[in-house]
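> Protein chains in written order, with my numbering: chain A, 1 to 99; chain B, 1001 to 1207; chain C, 2001 to 2096.
Simulated from the structure, these hints should not be mistaken for lab results.
Since the model is a prediction, treat every value here as computed from it, not as a measurement.
Accuracy of the hints is not assured; some may be wrong.
Stated by the list, open to error - Only pairs whose alpha carbons sit at most 25 Å apart, straight line, appear in this in silico SDA-like list of lysine to any residue:
#	chain 1	residue 1	chain 2	residue 2
1	C	K2017	A	T44
2	A	K39	A	I85
3	B	K1098	C	Y2073
4	B	K1126	B	T1189
5	A	K77	A	P55
6	A	K72	B	V1029
7	A	K72	B	Q1040
8	A	K72	A	E91
9	B	K1031	A	E76
10	A	K72	C	G2050
11	A	K39	B	E1154
12	C	K2017	A	G3
13	B	K1056	B	A1140
14	C	K2028	B	A1090
15	A	K39	C	A2056
16	B	K1076	B	V1029
17	B	K1076	A	G38
18	A	K77	B	P1016
19	A	K72	B	R1115
20	B	K1068	B	E1154
21	A	K58	A	E76
22	A	K58	B	A1140
23	A	K39	A	K77
24	A	K72	B	K1098
25	B	K1098	C	S2036
26	A	K77	C	D2046
27	A	K39	A	K58
28	C	K2017	C	H2040
29	C	K2028	B	E1129
30	B	K1068	B	A1140
31	A	K39	C	S2052
32	B	K1076	B	R1060
33	A	K77	A	G98
34	B	K1098	C	W2033
35	A	K58	A	D86
36	B	K1076	A	T43
37	B	K1126	A	D86
38	B	K1031	A	P55
39	B	K1126	A	P11
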Amino acid sequence: MSGVHDIGGSPSGPIDRSQHEVEDWERLADAINGALGGKGLQTTDQHRRAIESLPDYKDLGYYERWTAATEKLLVEKGILTQAEIDEKAGELERRWSGS
Amino acid sequence: MSDGHPHEEVPQERSPYAARIRAMEDLLVGKGVLTEAEIQDRIEYMESRTPANGAKLVARAWTDPAFKERLLSNAKAAARELGLDPTHEAEFIAVENKPEVHNLIVCTLCSCYPRAVLGRPPDWYKSFEYRSRAVREPRAVMREFGFEPEENVEVAVFDSTADVRYMVLPMRPERTEGMDEEELAALVTRDALVGVSVPRFEDAAAN
Amino acid sequence: MTAFTRGDRVRVRPAGKPGHVRTPDYLKGRSGWISSVLGHFPNPEDLAYGLSGIPARTLYRVGFRQPDIWTGYEGPAGDRLYADVYEHWLEPEGER
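Could you build the full structure based on these sequences and the hints that come with them?
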């Protein structure tokens, strides 16, 4: 297999046809991806490559993969640092948990 | 709800990635890499793209044979004729269902889909199950959606592996002679534009 | 300048390549025909790493008989699959 994402023809089960309500953070993941692309800071191919390289590809949801890939690219390109993303995300989680 | 930030949300069963993307937003805006307006523009861009756009293209093709030929030869130009904005670096191609051929679209490698016209793909289209099985057993997949073409109809699967995004142009269903374009468009579902089902006259009664 | 034209019989190179690739494994080594010449696009295998992807590669829509792809395909022999494949992943059928 050339990659964990290369799944055409793999055995698989019934298709879940339910549709979840898109959450705000998912819309945001979409938008940030598109906005970065619009400014030439990230391309579709780079984003795909980053998604395909995620070690937990199979365990993440669709927009979780998108978010993780965007994060990977931003750090790779030196636009943001891992430390500042971790710190800010932790701060938001604490705020949301009301602590 | 503290700083009036437009993207605060009530925490429930929330993915840890929600905080991560919000953190990235805060940092990118704070550093001037992106503006809130640019982000909001993208949100509105995606919200304005829906399967109804595809339905419009199909209904026009059903009622105007010359438009249908233009749709099949240059789908982006045809979309612009109807006031849509299909701008995207990938090509956009409509593939025509015929009595002898039924088309099914998939992206096995990720989730390529004509988003610039139709908006976000359905969850099932992005699932591992659909991506794995649509190429190998398209008829079994379509059966799960309640659709089964005849044995003598060719099922043609398109795997969107590169710089083309595909949309199915379904056949106009029978018994729709009296319908106008708007009524016809209402029969065309998102699923029919992917090819897991076909529009039916009966679907009009659903409203 | 394209290597293939519509109707040509081609095989997808049964090769492995590290990194980002848009030719799926299930097509490696499979034979089909050129259904359409789709145009020239920068190579995504290079774009994925921030390279220019130039010179652009010719992209083809390649058609396959489903029974030629899958052993024991559970459908009529008339069923088809189309995939969009870059020129450097194709060779004339019968070569090798």
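> Now look at each hint and say whether the structure bears it out.
How the hints compare with the structure:
A C-alpha spacing of about 20 Å is found between K2017/C and T44/A, which places the hinted pair at or below 25 Å, so the restraint holds. Restraint check for K39/A and I85/A: satisfied, since their Cα atoms lie roughly 21 Å apart, inside the 25 Å limit. The hinted pair formed by K1098/B and Y2073/C meets the criterion: a straight-line CA distance of about 23 Å does not exceed 25 Å. At roughly 17 Å between alpha-carbon atoms, K1126/B and T1189/B fall within 25 Å of each other, so this suggested pair holds.
Distance restraint check for K77/A and P55/A: the Cα-Cα separation of roughly 20 Å lies within the 25 Å cut-off, and the hinted pair is therefore satisfied. A hinted pair counts as satisfied when its Cα atoms are at most 25 Å apart, and K72/A with V1029/B qualifies at roughly 18 Å. For the proposed pair K72/A and Q1040/B, the alpha carbon gap of about 23 Å is at most 25 Å, so the pair holds. Straight-line distance between C-alpha atoms of K72/A and E91/A comes to about 20 Å, which keeps the hinted pair within the 25 Å bound.
About 17 Å separates the Cα atoms of K1031/B and E76/A, which keeps this hinted pair within 25 Å; it holds. Restraint check: the Cα-Cα separation between K72/A and G2050/C comes to about 14 Å, which is no more than 25 Å; the hinted pair holds. Taking the CA atoms of K39/A and E1154/B, the gap is about 43 Å. The hint is violated against a cut of 25 Å. Our distance criterion of 25 Å between C-alpha atoms is met by K2017/C and G3/A, whose separation comes to about 10 Å.
Proposed proximity of K1056/B and A1140/B is contradicted: the alpha carbons are some 29 Å apart, above 25 Å. As the CA atoms of K2028/C and A1090/B are separated by approximately 24 Å, the hinted pair is consistent with the 25 Å bound. For the suggested pair K39/A and A2056/C, the alpha carbons sit about 22 Å apart, so the restraint of at most 25 Å is met. For the suggested pair K1076/B and V1029/B, the alpha carbons sit about 33 Å apart, so the restraint of at most 25 Å is broken.
Between the alpha carbons of K1076/B and G38/A the distance comes to roughly 20 Å, so the proposed pair stays at or under 25 Å and holds. A distance of roughly 23 Å separates the Cα atoms of K77/A and P1016/B; the hinted pair therefore holds under the 25 Å criterion. For the proposed pair K72/A and R1115/B, the alpha carbon gap of about 24 Å is at most 25 Å, so the pair holds. Proximity of K1068/B to E1154/B is assessed by CA-CA distance (about 22 Å); at most 25 Å being required, the pair is judged to hold.
The hinted pair formed by K58/A and E76/A meets the criterion: a straight-line CA distance of about 22 Å does not exceed 25 Å. With a C-alpha separation of about 24 Å, the suggested pairing of K58/A with A1140/B holds against the 25 Å cut-off. Between K39/A and K77/A, the direct Cα distance comes to roughly 14 Å. Compliance with the 25 Å bound is thereby established for this hinted pair. This hinted pair does not check out: K72/A and K1098/B have alpha carbons roughly 45 Å apart, beyond 25 Å.
A distance of roughly 19 Å separates the Cα atoms of K1098/B and S2036/C; the hinted pair therefore holds under the 25 Å criterion. Restraint check for K77/A and D2046/C: the C-alpha separation of about 16 Å stays at or below 25 Å, so the hint holds. Distance restraint check for K39/A and K58/A: the Cα-Cα separation of roughly 30 Å exceeds the 25 Å cut-off, and the hinted pair is therefore not satisfied. For the proposed pair K2017/C and H2040/C, the alpha carbon gap of about 21 Å is at most 25 Å, so the pair holds.
Between K2028/C and E1129/B the alpha-carbon distance is near 21 Å, which keeps this suggested pair within the 25 Å criterion. Restraint check for K1068/B and A1140/B: the C-alpha separation of about 30 Å exceeds 25 Å, so the hint is violated. Restraint check for K39/A and S2052/C: satisfied, since their Cα atoms lie roughly 16 Å apart, inside the 25 Å limit. The hinted pair formed by K1076/B and R1060/B meets the criterion: a straight-line CA distance of about 14 Å does not exceed 25 Å.
About 34 Å separates the Cα atoms of K77/A and G98/A, which puts this hinted pair outside 25 Å; it is violated. At most 25 Å may separate the alpha-carbon atoms for a hinted pair to count; K1098/B and W2033/C meet this at roughly 21 Å. At roughly 23 Å between alpha-carbon atoms, K58/A and D86/A fall within 25 Å of each other, so this suggested pair holds. Between K1076/B and T43/A the alpha-carbon distance is near 21 Å, which keeps this suggested pair within the 25 Å criterion.
Taken as a hint, the K1126/B and D86/A pair is broken in the structure, with Cα atoms around 28 Å apart against an allowance of 25 Å. For the hint linking K1031/B to P55/A, the alpha-carbon distance of about 29 Å lies beyond 25 Å, and the restraint is violated. Restraint check for K1126/B and P11/A: satisfied, since their Cα atoms lie roughly 16 Å apart, inside the 25 Å limit.
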